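J.: Given next are the chains, with one letter for each unit.
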Amino acid sequence: MQVAVDDPIIRITALRKSFGAHEVLKGIDLSVGRGEVVTIIGKSGSGKSTLLRCVNGLEPFDEGSLMVQGKQLLFDNAVAMRALRQRVGMIFQSFNLFPHLTVGRNIMLAPTLLTAKTKAQAAEQARMLLARVGLSEKFDAMPDQLSGGQQQRVAIARALAMEPAVLLCDEITSALDPELVGEVLKVVELLAEEGMTLVMVTHEMNFARKVADRVIFMHQGRVHEIGRPEQLFGAPQTPELRQFLSSLQ
Amino acid sequence: MTLAETFFNLEVLKHSMPLLLSGLWMTVQLAVTSILIGLPLGLAVCMTRLYAPKPFRLIAVAYIDVLRALPILVVLIVIYYALPFVGVRLSSFVAATLGLSIALSAFSAEVLRSGISAVSRGQIEAATALGLNFRAIMGFVVLPQAIRLVVPALTSNCIGLVKETSLASVVALSELLKQGNDAQALNANPTPLIAVAFIYLTFLWPLVRLVDRSDAKANRSRANA
Numbered sequence: 001m002q003v004a005v006d007d008p009i010i011r012i013t014a015l016r017k018s019f020g021a022h023e024v025l026k027g028i029d030l031s032v033g034r035g036e037v038v039t040i041i042g043k044s045g046s047g048k049s050t051l052l053r054c055v056n057g058l059e060p061f062d063e064g065s066l067m068v069q070g071k072q073l074l075f076d077n078a079v080a081m082r083a084l085r086q087r088v089g090m091i092f093q094s095f096n097l098f099p100h101l102t103v104g105r106n107i108m109l110a111p112t113l114l115t116a117k118t119k120a121q122a123a124e125q126a127r128m129l130l131a132r133v134g135l136s137e138k139f140d141a142m143p144d145q146l147s148g149g150q151q152q153r154v155a156i157a158r159a160l161a162m163e164p165a166v167l168l169c170d171e172i173t174s175a176l177d178p179e180l181v182g183e184v185l186k187v188v189e190l191l192a193e194e195g196m197t198l199v200m201v202t203h204e205m206n207f208a209r210k211v212a213d214r215v216i217f218m219h220q221g222r223v224h225e226i227g228r229p230e231q232l233f234g235a236p237q238t239p240e241l242r243q244f245l246s247s248l249q
Numbered sequence: 001m002t003l004a005e006t007f008f009n010l011e012v013l014k015h016s017m018p019l020l021l022s023g024l025w026m027t028v029q030l031a032v033t034s035i036l037i038g039l040p041l042g043l044a045v046c047m048t049r050l051y052a053p054k055p056f057r058l059i060a061v062a063y064i065d066v067l068r069a070l071p072i073l074v075v076l077i078v079i080y081y082a083l084p085f086v087g088v089r090l091s092s093f094v095a096a097t098l099g100l101s102i103a104l105s106a107f108s109a110e111v112l113r114s115g116i117s118a119v120s121r122g123q124i125e126a127a128t129a130l131g132l133n134f135r136a137i138m139g140f141v142v143l144p145q146a147i148r149l150v151v152p153a154l155t156s157n158c159i160g161l162v163k164e165t166s167l168a169s170v171v172a173l174s175e176l177l178k179q180g181n182d183a184q185a186l187n188a189n190p191t192p193l194i195a196v197a198f199i200y201l202t203f204l205w206p207l208v209r210l211v212d213r214s215d216a217k218a219n220r221s222r223a224n225a
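Protein chains in written order, with this note's numbering: chain V, 1 to 249; chain Z, 1 to 225.
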């Protein structure tokens, strides 16, 4: 079932995680290549978000190993974890912009604190990133003045400011009104075209069909099916996937 | 004597003014010093209560619980009258400042704790995901929001502290109330005490109104969010 990847940017081996007595990830083996766009689909409770959050250490895992850019994820080593998180960006379903800071400062915060950039350089970079996501004029706006779609695009710019090697997207359009979903997905598609490695938990099947290199269907804590979008959507092998796809109609 | 001659006697008031003003100045010094010590101390206690290793956390909980359970008057009397028995003899001002600051720190610690817990988890996750360390997350993301949330409650605590400075009269500090009381005895007329009440009102009523308005504003903005 595993599609072999040479020199993967993320390598997950035999990952297990339980919340108390409930085992949520039952042994995940997965590799993601540089520049690959991988979408993870599945029912709620299948472990998709948990798996994503293990990659940047927001969730500790119980067994197995996780390597990002050749470095093992050592949960106990705070310095190593922070270094990892600077290379792996995350976009959240509920945007999580800092409400007390302007849009510009939201984007500038991490670079000014963590990199050698001066405030002026960080501000310039922030303006560039805002232009990239189509929000140049919003530099001085406060997050609560923006629509959901705009906030999410700012969140993307904020993650990009740290120049990550990988972007993790945790259902980034699920909390958006339908008419705002497109503007966010357009930005993500652009990132994919530019060669960003993306791991996305999503319900947007059309997007997955169009943009993903591989789709992973998770079911009850395991990778149930994995393959190119045409294979998974066009010719689902297992009844669980068939049932899942039909439930989306 | 008429009511005015008894409670609003201008002659007695003029006579007592110097005494009252010196008392007021003492009150202001006591209040400002205690607030300037008590609030940062409260932040330190709050951080210890929430994030320190377990033994320190327990000490912080005990500290907060004891000071919330004890009347401030008891705290002041213990510091000023009981401590000398173990060789710690403090001046009235230092004793009063110490007692009031630690009391304020305990109340502020709890208020701050509620403010911090009101900051959504998602904020901390986003800041963590960006690679910020604990100090940065606290200093740039959580505390700015938490403090903004609890300013009305902290202001209330400070108003309470200004009122509690009147308790320092019990530890022989010549603050406003004590001076008013002395003037009352001196003149055999209660006008100085009425004047003391008015002085407290003049200073604190505007603050009380301010707290009320900022509370209402905070509730409105929460409702609109």
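Derived from the structure by calculation, the hints contain no laboratory data. Hints are not guaranteed to be accurate.
In the EDC-like style, the derived pairs of lysine to aspartate or glutamate whose C-alpha atoms are separated by at most 20 Å in a straight line are [stated by the list, open to error]:
1. V:Lys26 - V:Asp7
2. V:Lys26 - V:Asp62
3. Z:Lys217 - V:Asp144
4. V:Lys71 - V:Asp29
5. V:Lys71 - V:Asp6
6. Z:Lys54 - V:Asp76
Just so we're clear, the structure is a prediction, and the values are computed from it rather than from any experiment.
J.: Please work out if Lys217 (chain Z) and Asp144 (chain V) have their alpha carbons no farther apart than 20 Å.
T.: holds (16 Å)
J.: Hint check: Lys71 (chain V) vs Asp29 (chain V), CA-CA at most 20 Å. Holds or violated?
T.: holds (17 Å)
J.: Are Lys26 (chain V) and Asp62 (chain V) close enough, with their CA atoms no more than 20 Å apart?
T.: The hint holds at about 10 Å.
J.: Hinted pair, alpha-carbon criterion (20 Å max): Lys54 (chain Z), Asp76 (chain V). Please report holds or violated.
T.: holds (18 Å)
J.: Between Lys71 (chain V) and Asp6 (chain V), does the CA-CA distance stay at or below 20 Å?
T.: Holds, because 16 Å separates the two Cα atoms, which is no more than 20 Å.
J.: Just to be careful, I want the Cα atoms of Lys26 (chain V) and Asp7 (chain V) compared with a cutoff of 20 Å; is the pair within it?
T.: violated (24 Å)
In this structure, the one hint that does not hold is number 1.
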